[in-house]
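Generate the whole structure from the sequences, applying the supplied hints.
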Amino acid sequence: MYVVRPVEIADIAALEALAAVTMPGVHTLPKTREKIAALVERSIASFAAHVDMPSEESYLFVLESLADHTILGTASIYAAAGSNGTYFSFRNDVIQQVSRDLNISHSVHALTLCSELTGYSQLSTFYVDPSMCDAPEAALLSRARLLFAVLAPQRFADRFFVPLAGITDAQGGSPFWDALGRKFFQMDFLDAERVIGGARNRTLIVELMPHYPVYVPLLPGDAQAAMGQIHPSGELAFNLLTAEGFEADDYIDIFDGGPILQAHKHALRTFTGALQRRVATCPAEPDRNREPPVAYAIATGADQHFRAVVMACAPLESLAVVALPVAVQAALQVTDGDTVVCVRL
Amino acid sequence: MYVVRPVEIADIAALEALAAVTMPGVHTLPKTREKIAALVERSIASFAAHVDMPSEESYLFVLESLADHTILGTASIYAAAGSNGTYFSFRNDVIQQVSRDLNISHSVHALTLCSELTGYSQLSTFYVDPSMCDAPEAALLSRARLLFAVLAPQRFADRFFVPLAGITDAQGGSPFWDALGRKFFQMDFLDAERVIGGARNRTLIVELMPHYPVYVPLLPGDAQAAMGQIHPSGELAFNLLTAEGFEADDYIDIFDGGPILQAHKHALRTFTGALQRRVATCPAEPDRNREPPVAYAIATGADQHFRAVVMACAPLESLAVVALPVAVQAALQVTDGDTVVCVRL
Amino acid sequence: MLVVRAIKADDLDALYVMATQVGSGMTTLKPDMKMLGDRVRVAVASFAETIPPHERDYMFVMEDTDTGRIAGVCAIKSAVGLTEPFYNYRIGTLVHSSRELDVFTRMETLYLSNDLTGSTELCSLFLHPDYRSGNNGKLLSKCRFLFIAQFPHLFTEKLIAEMRGYQAEAGRSPFYEGLGRHFFKMDFNHVDELTALGKKSFIAELMPRQPLYVAYLPQEARDVIGKVHPSTAPARRLLEQEGMHFEGYVDIFDAGPVLQARVSELRAMRDSTLAQIGLAGDWDTACAPETAPAEPVLVSNTNMRDFRMLLSHAAPVNGAIALPEAEQKLLHCHTGDTVRTLSLNVRKNPNV
Amino acid sequence: MLVVRAIKADDLDALYVMATQVGSGMTTLKPDMKMLGDRVRVAVASFAETIPPHERDYMFVMEDTDTGRIAGVCAIKSAVGLTEPFYNYRIGTLVHSSRELDVFTRMETLYLSNDLTGSTELCSLFLHPDYRSGNNGKLLSKCRFLFIAQFPHLFTEKLIAEMRGYQAEAGRSPFYEGLGRHFFKMDFNHVDELTALGKKSFIAELMPRQPLYVAYLPQEARDVIGKVHPSTAPARRLLEQEGMHFEGYVDIFDAGPVLQARVSELRAMRDSTLAQIGLAGDWDTACAPETAPAEPVLVSNTNMRDFRMLLSHAAPVNGAIALPEAEQKLLHCHTGDTVRTLSLNVRKNPNV
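Residue numbers (the numbering used here), protein chains in the order written: chain A, 101 to 445; chain B, 101 to 445; chain C, 9 to 360; chain D, 9 to 360.
Derived from the structure by calculation, the hints contain no laboratory data. For clarity, every value in this text was computed on a predicted model and none was experimentally measured. It cannot be assumed that every hint is accurate.
Simulated pairs of lysine-lysine, DSSO-like, Cα-Cα distance not exceeding 27 Å [as the list claims (entries may be wrong)]:
| id | chain 1 | residue 1 | chain 2 | residue 2 |
| --- | --- | --- | --- | --- |
| 1 | B | Lys283 | A | Lys365 |
| 2 | C | Lys356 | D | Lys38 |
| 3 | C | Lys146 | C | Lys166 |
| 4 | C | Lys235 | D | Lys166 |
| 5 | A | Lys283 | D | Lys207 |
| 6 | D | Lys356 | D | Lys38 |
| 7 | C | Lys356 | D | Lys207 |
| 8 | D | Lys356 | C | Lys166 |
| 9 | B | Lys283 | C | Lys235 |
| 10 | C | Lys207 | C | Lys235 |
| 11 | C | Lys166 | C | Lys208 |
| 12 | C | Lys235 | C | Lys356 |
| 13 | D | Lys208 | A | Lys283 |
| 14 | C | Lys235 | A | Lys283 |
| 15 | C | Lys337 | C | Lys166 |
| 16 | B | Lys283 | C | Lys207 |
| 17 | D | Lys166 | C | Lys166 |
| 18 | C | Lys235 | C | Lys193 |
In structure tokens:
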């Protein structure tokens, strides 16, 4: 069995090992032990904090195999993006052009530097070991962040977004960057990402990036083609998130043009489908006559005691309790009569 | 009993009488018999048309008292706003301003002329006789347009909006217009509305209105105060629509600054709460032991046979049929075994 | 001899014949009898001062007095853009700088503007190929400055001239291909025709309104911003000699430059002098600075309704000019009349 | 007598004392020993030509040679905006017109720009109150034009001067109150200080970037766009006489005008002449046009490192100037040396 839980100090070495294999680009783990340790400490403080309004908290989760206690993945969420500044993105505007005299009617896309995502909760780092990519635990890890938000809504905003890495070539170049950011920053894509530390909330962005909308038809073909396209490494995350209810068309990243998925929580399946159920201990012999079992993510805990697992069971819609085997109860650290939230995976 | 149904040629005189009492401003009935007749004819043609894609159709409904066949209200919906042009509105943008050096952080509102509402379905004219304002039939009339969209989704877009008249003074002046439109049009508010015929899709708008965002702090206080404020005559409509699920903050009218409510159909109660039920004839003696009755809007017909009424009955969620008294069946022109849609009012 | 004079109503036929020679590229001189007739009517009313100054369109023809033939045409439009918006791109600069990164980026930007609204425009210059020799082109182009110096109160402070932009093979405009085509979705020539016909509302409807960074355009388009068509280069030089400069305004379609000047700073305003027809006194003649003897001089009469100008070799000396009889006749002047004079060529300050 | 000369390292103390007199309003001349010391060092290196032309800052002092006292100061900065963005509002025009409604609206717009980046700037003019009489102000202001005419190759084509904007009672700026305050949320004086300290990134962060219609501003703010502070009006007139004009650029905070000129069109470039010190020949003197006898003339030496200038009543005649001994001494010149001369006052063309 696997559990998703808040990161602990003891996980630092394991995270360092994961960081060594993750791809270059935005929103992945940092490469140095020092920075990883800082992340972990910040997360521990965030989970322990009493929060009334989402602010600078950042929560980091790990996927652990209970069999051998290896760490097989990690995912994080920021309580409020750009909390010490402004989160910048390009809004994808559509301008209708109509001339009745000339009988012309078409739309022109324009990218506008905007700060609308500031204050949204931001899903960030997501990485699972390739061996787990097809397992339901990959989906569990991705959704654990939202399950935590269901359990602790006061820690998060009403809207969520996820920037996904855009496409880059073998040399780490980005055609979107070359057409836009490079002209203002006068440096290579990877250099720019390095100096800015992957951030999107810095003063230098407003100093350097274009103030006026960028008309998309004026961009070279390869840059246009890169808009909203994901880096192959992000495909799994993309599929999980769109299935969750995130929408992709409104914003793109200002550096590499990668998609920024966003949604109001009311549009997300984890929020709309979450069922609160009391825990009961599983009968030794499950009822074979019931409907076929369904895979559920089951989670508990609004703080550092957060835990989430995958479990198959009969549909819970019409039930008041969820029957959990003892092992699952142990993994979740719950017992008979406790409350858990359950969402179909 | 009252029924909402498509307008007919015979209603023209009654509409003319209604028009004589409605307020000046946008989106009310025209004042001349000729124009009313044109509206009615266009509506009849629209209901009769086979539509694959929403386009220039415009549907006009009336609220009729079956007792004396008087017309007590009217409401309309356009299939696609700006269909022969572009529907212009002001988008309400928020710009985050942050200077860490100066320790300043605030947001500035800006109004941007945009065409994003083009192609949305537009709820327009809404008027009920004052005697009916508090009756559930006022809500029925407003929602009948959306019920029709539930029954004939191919006739409408996935998103809907409703411009509501903004505030004006006793002389018909608009403080918002005086601060903005007047500077470009060089004429009074009512004159401008007259020359443009209440339209928001004309070439002259792009010729005359400001091309660049208007920073709200630069507008005089009374114009700022008028932004998003409704004319008192629109209060009933506003309350019905926000209860329905429409949101008010994103767009305002380019002329008078009145609010433009908008929503995706998935956010509207009529769509999310609509139940398809088979019609059964009501037992002579209804079951007194059931739960207390609930007011429903009940509608049928995806074309000129559309009808909608209000009826109280037991909750329908767990039932497969809806029991309709004979009089209701007659008003809806349905019979045993036909299908209707039902939404809680 | 050649004399430049105010156009008259009966020049219309000759003007039409000339317009048939112009070819594409000059939108204000098309062989269209209705358009030309209207224009001549306005021009005649302008010289007669029967219409308000800002509506005037002073049109001049160059006449070969030996044959009576019209050799060229040019005009001064009092004020552009007062009935139809007059669009240009203005080239500006935006600096993007970050101390933190030590990045300092200077970017050129294009702003769609109507800044030149109300300016006086030099336009419609055409010299018949048979006459493209000697100083004829200079005479035709520069006559307008002498006219302005004679009647400066009739003109606004800002003077402009639109120059035809650079075109590659087959009339292809690299600037249009890089910018306008994306928004207009039609050929350059078609766009050009529409503007010639005064159908300009499509510009407001389709043109991108937001400022553009030049760096977004393809190199080929950037390279031609403010560049004239090669055949227009000599005309540009003549105007520059008179004090007109490229100040960053270009045509919205082909990015051809607009030359500008303040009327008060024109060479003609600074250096043109009035002189009485007659012999100079001995003393004046003796003291005159020794110039090259055959230095040509523009000479005009001072009569608005019957404005006439020619190129003379008589030099004005301390307020007097010994203008030959024949030239006096062509100017409709007599001894004792006052004429305005300006050296045809520029004399630079040798001390800087 | 008063002589204007290139600043020297040992003028620093006197400069500091003068800066204490300046008061607020001139951000480039604050009584700050570090800032002034840096500035003098750059100025000395500029005259010595040991730093590249675009980094130079030519600072001049006016010395009372009777007392050795420094009576005034002024400067020419070779190029602005090359290390910190140089912001202005540019006033443009947009026409909104609809044939259908027969509406034609001409609107003024403000564009935030760095267009003047790289221009040469006249700045830091201050004349001690004790010396505000006669032609002293003219001498101090205009000396810079003579310097530019002597060394034009050192300057870019564009010359600018920022004029202090209009202020109402108690230093209140109606333009700032109508615009900047909404975005900066602080007092005008505070903003002014921050820019003086070179802290300009807040402009990029907080200033509205989109073009603004002037019509949005309150009437009081509109009225002062391009208006100078009343006490600055005489300084503005002096610059305008030399060929500088308001071309639509204003300060982003107080909307004070920027005056501009093309270097090549300055009066000093057109009209200044070189002359050898010595007596003119009889013939030349006899033929000299009769001017008012006491017409003052700016005279400078032609030496970059030891540039010196004064006001003389000796008139140059056909390339010679009979400069009194005392003045020769002040200019560090001798008979036979070449000096540059320019009439202090403008002579207009009487013929237009």
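Here is what the structure says about each hint:
Distance restraint check for B:Lys283 and A:Lys365: the Cα-Cα separation of roughly 42 Å exceeds the 27 Å cut-off, and the hinted pair is therefore not satisfied. The hinted pair formed by C:Lys356 and D:Lys38 fails the criterion: a straight-line CA distance of about 42 Å is larger than 27 Å. For the hint pairing C:Lys146 with C:Lys166, the CA-to-CA distance comes to about 22 Å; that is within 27 Å, so the pair holds. Restraint check for C:Lys235 and D:Lys166: satisfied, since their Cα atoms lie roughly 20 Å apart, inside the 27 Å limit.
For the suggested pair A:Lys283 and D:Lys207, the alpha carbons sit about 24 Å apart, so the restraint of at most 27 Å is met. Distance check on the hinted pair: D:Lys356 and D:Lys38 sit about 38 Å apart at the alpha-carbon level, beyond 27 Å; violated. Straight-line distance between C-alpha atoms of C:Lys356 and D:Lys207 comes to about 44 Å, which puts the hinted pair past the 27 Å bound. Of the supplied pair hints, the one linking D:Lys356 and C:Lys166 holds, its CA atoms being roughly 19 Å apart against a limit of 27 Å.
Taken as a hint, the B:Lys283 and C:Lys235 pair is broken in the structure, with Cα atoms around 37 Å apart against an allowance of 27 Å. A distance of roughly 26 Å separates the Cα atoms of C:Lys207 and C:Lys235; the hinted pair therefore holds under the 27 Å criterion. For the hint pairing C:Lys166 with C:Lys208, the CA-to-CA distance comes to about 23 Å; that is within 27 Å, so the pair holds. A C-alpha spacing of about 25 Å is found between C:Lys235 and C:Lys356, which places the hinted pair at or below 27 Å, so the restraint holds.
This hinted pair checks out: D:Lys208 and A:Lys283 have alpha carbons roughly 22 Å apart, not beyond 27 Å. With a CA separation close to 24 Å, the supplied pair C:Lys235 and A:Lys283 stays within the 27 Å bound. Distance check on the hinted pair: C:Lys337 and C:Lys166 sit about 34 Å apart at the alpha-carbon level, beyond 27 Å; violated. Between B:Lys283 and C:Lys207 the alpha-carbon distance is near 24 Å, which keeps this suggested pair within the 27 Å criterion.
Restraint check: the Cα-Cα separation between D:Lys166 and C:Lys166 comes to about 18 Å, which is no more than 27 Å; the hinted pair holds. Under the criterion of a C-alpha separation no larger than 27 Å, the hint pairing C:Lys235 with C:Lys193 is consistent with the structure, at around 24 Å.
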